[in-house]
Amino acid sequence: MSTVQFDTVSVDYGSGPVVLDVSLEAVAGEWLAIVGPNGAGKSSLLRTVVAAVDFTGSVLVDDRSTTTMSDKERAKLVAYVSQRPVYPQGMAVFDYVLLGRTPYMGTLASESADDISLVWEALSALRLESFAGRDVATLSGGETQRVSLARIIAQHARILVLDEATASLDVSAQHEVLETIDTLRVSHDMTVVSAIHDLTAAAQFCDSVAIMEQGRLRSHGPPVEVLTEAVLQDVFDPSIRVLEVDGDPVIVSLRSEEAHQ
Amino acid sequence: MNAGRPVGTRLHWWWVFGAAVVLVAAIIAGVMIGAVRLSPSQVVGSMLDRLPFVDLDTGLTVRQEAIVWQIRMPRVILAVVVGSMLSAAGAAYQGVFRNPLADPYLLGAGAGAGLGATLAIAYGPNTGDWLVDPIPLAAFAGALIGVSFAYLLGYTVRSGRTSVTLILAGVAVAAFLTALQTFIQQRESETLREVYGWILGSLNTAGWAEVRLVAPYVAVSLAVVFGGRRLLDVLSVGDTDASTLGVRPGRIRLVIVVFATLGTAAVVAVSGLIGFVGIIIPHTVRLLTSASYRVIVPLSILLGGAFLVLADIIARTAVAPAEIPIGVITAIFGAPFFAIILRTSKGVVS
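Quick note, the sequences are listed as chains A and B, same order.
FYI, in the working numbering the residues of the first sequence are 205 to 465.
FYI, in the working numbering the residues of the second sequence are 93 to 442.
Next up, chain B with everything else stripped away, as it sits in the complex:
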């Protein structure tokens, strides 16, 4: 009865298709580009060859196959996983806190991970002796402890457990943990370079082991954020109004923050503190498509992955054989790109 009339926000299939195309193109480019150049057809052929019931003669040498599957592909996939997670977590944080400046590190996940990694680097045992590398473990634990502190602090404030109290608690916890981290870093100055390199983020240790390590956390976390995308829209009218619509804002906020933090902590543990992705990707999607989290969350997942793959290409090739920390790249290229989007979009297209 309403055919032809404008309906509210929907996740149009062509948006999803477009974002998926960008992601696949980024993945192919990520595998192609490097010290040994490969052609798109070689890469696509090799990928198709891996599908069940497909047997192609890709013409790749054994060495080229190894470069594709043992070196580049795990790194590219890790970039996808990390980028998707940080973007989705950023969108989730912006939604539950109704704050456009929220990013995945807002509640102290970044500062906690930084402190954990610094402790492990400065005082940890020689990593070679361990079955598991203590640095990601310490970073993961640090991130979870940081956010737990912020949540406990924010929750025990008597004068109202609002999202603002929680943000302020996060700011206090992050400042405290960062101060501790800086103190240790200054005392153990021989570790400065390693700590600094870790904080700026890198995907250069990536093998399939890292992908397998973080994938379960990221999968669960993305599933929860994706499932909660409509509830994020409900929260956007404020806690009181949302509660009169039959939902529990505090409970939604807790569940989303817990899972977004779990995924963030996992990816930070293997990639360091890659900044900016969690802010610019959700906002770019918001400016180009819709302010509804039903659109922002799924598209941020796809485009966040693509963005980090592209950033990583630059990070590892610009000054090859050396690498630029990927956190530097995301800001250097992300900031001007975001400025352009901000200036050219009319705000939100509805």
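In isolation and in its complexed conformation, chain A is listed as follows:
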């Protein structure tokens, strides 16, 4: 299992910092949720792990800086699913999952028999065998998320970076995908770092939560300690209430009295 350490990470696209001096660690095997309002810098912070943005400070995976690794080394260690992944029209599910084998292939090489059997393993882990020949562009939201997860399994990464993986799903599909991620995290010894909007889901599924506000880290710790009404009202909106159902926090936003009139 692998750790991810952010050490005074800052990101600036040229018009002021969007991430500022964030130091944070995801311990081996845990699920770390990054929460915060839109524009708080969650996506930019996640992109530093895969070196998809220029940043200052350092990001260490197993004590090695991700920027000094080769692209292939990094890809073997860290897998990433963006907010809106592109599922190319006409590409078969099998071929999409096969892309996960890219870091293991030579530049001009084709897939080996090993690659093919690893793709089948990944498809089977996500119960997608019967989808192998389907066009990825025609799948439902929940199905595409499972296809992305299968690609990550084929990639054999130790760290899974998810940027709002479930934002576009309905309640039950979201729950199913998060449950699947959790199962894979345990069965494949992965560490998960994910941006997530649904605070209740973050509390349910994640081992620790980091709250970001305007590019800075506001607080970090176990969900029950971090997701408090006072902090959330300050960071998000005064209308936020933290309820409790069966001992778990449920975070909702209430409509104000005036709006009801």
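It should be emphasised that the hints constitute simulated quantities derived from the structure, not laboratory data.
We put the beta carbon where it would ideally sit given N, CA and C, even for glycine.
It is possible that part of the hints are untrue.
Heads up, incomplete: computed chain B residues facing chain A, CB under 7 Å, no partners named [stated by the list, open to error]: (1) GLY319; (2) VAL326; (3) SER328; (4) VAL329; (5) GLY330; (6) THR332; (7) ASP333; (8) SER335; (9) THR336; (10) LEU337; (11) GLY338; (12) ALA383.
Not close to chain A: a few residues of chain B, all C-beta gaps over 10 Å, as computed [unchecked claim]: (13) SER138; (14) LEU148; (15) THR150; (16) LEU284; (17) THR297; (18) ALA412; (19) ALA423; (20) ARG435.
Add chain B to chain A, keeping to what the hints say.
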């Protein structure tokens, strides 16, 4: 362990075989058809006779042999080379730019070649005095300069070097070069006919010399595009995701564009601006077989060659002894053919 289950996209041998058969049939037809009619058996016999250790009595006269090997075959082979190159370059451009409308002239190769050829025709020295014909040389240089400008412009845009910036840079450069070309063409109106004929494309100067001239460029270019076919699939998920899979999208794009442009510039130099091939052949392959560049690139190479041989047959025989510019034929016959494919295919068969 997975026998019998559907596997993802593969280049099935029967697709390659089918495309190769179409290409060979087109070549035989191209050599047969013309003012002097030859039979398929004469053509095939004469071709087999040229193989090592084969000695056939083809029954061809010396004059017929000369027609086959000195006149028709070089022209047919040049059509194969040009058609393969334009189709492969079109597929490569569509892949690296993730844009179905991309064609080999997208980044200004066509406009640059047009300007170069126009300059050479309007102001160049009398071509008879030269060891090398200055028109192809100027067209080749123009194409490379045009694309270099587009790349430099696209690359120096600060707000992100995406494929869209590059396409827009290409559009700007192409518009500028075309305007210059039109200006010169209008000022030197006595050259209008020659310039126009060049722009619409023709293979009528073809001898073995032209084939030898472009073959090395095309061979290298096709090898690079063919070698990069799987990387084109990786790029199809977008630059960010591709980079997290351990490849460098910008570098792949640069290498593929450089080599596709080199081959395109070479064939444009000897054949003019033959349009449409680079769009319809890759799309026809895509609609009939698969969206994977592992399939599109090799089949486009075979079928692009066949298509241009067939187009050239029509170009040189329809109003013989005059010729129709081949660029006109590729559009007149290619567009309806493509429309039929577009309407009848269900999209992509996977």
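Given as non-interface: THR297 (chain B), which should sit over 10 Å from chain A by C-beta = For THR297 (chain B), whose nearest Cβ neighbour in chain A is about 36 Å away, the distance exceeds 10 Å, so it holds.
request  = Classify the label on ALA423 (chain B) as holds or violated, using whether its beta-carbon is more than 10 Å from each beta-carbon of chain A.
outcome  = Per Cβ check, ALA423 (chain B) is outside 10 Å of chain A; nearest 26 Å; holds.
task = Against chain A, run the beta carbon of THR332 (chain B) and see if the smallest gap drops under 7 Å.
result = This hint holds: THR332 (chain B) lies near chain A, its Cβ roughly 5 Å from the closest one there, short of 7 Å.
inquiry  = Using the nearest Cβ pair, does LEU337 (chain B) come within less than 7 Å of chain A?
reply    = 4 Å, holds
request  = Hey, is LEU284 (chain B) genuinely clear of chain A, shortest beta carbon separation above 10 Å?
outcome  = LEU284 (chain B) clear of chain A: closest Cβ-Cβ about 43 Å, beyond 10 Å.
ask   = Under the criterion of a CB-CB separation shorter than 7 Å, is THR336 (chain B) in contact with chain A as hinted?
value = The hint holds - THR336 (chain B) has a Cβ within 7 Å of chain A, the shortest such distance being about 4 Å.
ask   = For THR150 (chain B), which was marked as not at the interface, is the minimum beta-carbon distance to chain A over 10 Å?
value = Non-interface label stands for THR150 (chain B): nearest chain A Cβ at 41 Å, farther than 10 Å.
request  = Mind checking the CB of GLY319 (chain B) against every CB in chain A and telling me if the closest is under 7 Å?
outcome  = With Cβ-Cβ at 5 Å, under 7 Å, it holds.
key: Interface-negative label, ALA412 (chain B) against chain A, beta-carbon threshold 10 Å   = For ALA412 (chain B), whose nearest Cβ neighbour in chain A is about 42 Å away, the distance exceeds 10 Å, so it holds.
task = Under 7 Å, Cβ to Cβ, is where VAL329 (chain B) needs to be relative to chain A, so tell me if that hint holds or is violated.
result = Holds: closest Cβ of chain A sits about 5 Å from VAL329 (chain B), inside 7 Å.
inquiry  = Does the closest beta carbon of chain A sit nearer than 7 Å to the beta carbon of SER335 (chain B)?
reply    = For SER335 (chain B), the interface hint holds, since the closest Cβ of chain A sits about 6 Å away, which is under 7 Å.
key: Non-interface claim for ARG435 (chain B), where every Cβ of chain A lies beyond 10 Å   = About 17 Å separates ARG435 (chain B) from the closest Cβ of chain A, which puts it past 10 Å; holds.
Checked against the numbered hints listed earlier, the structure breaks none of them; every hint is satisfied.
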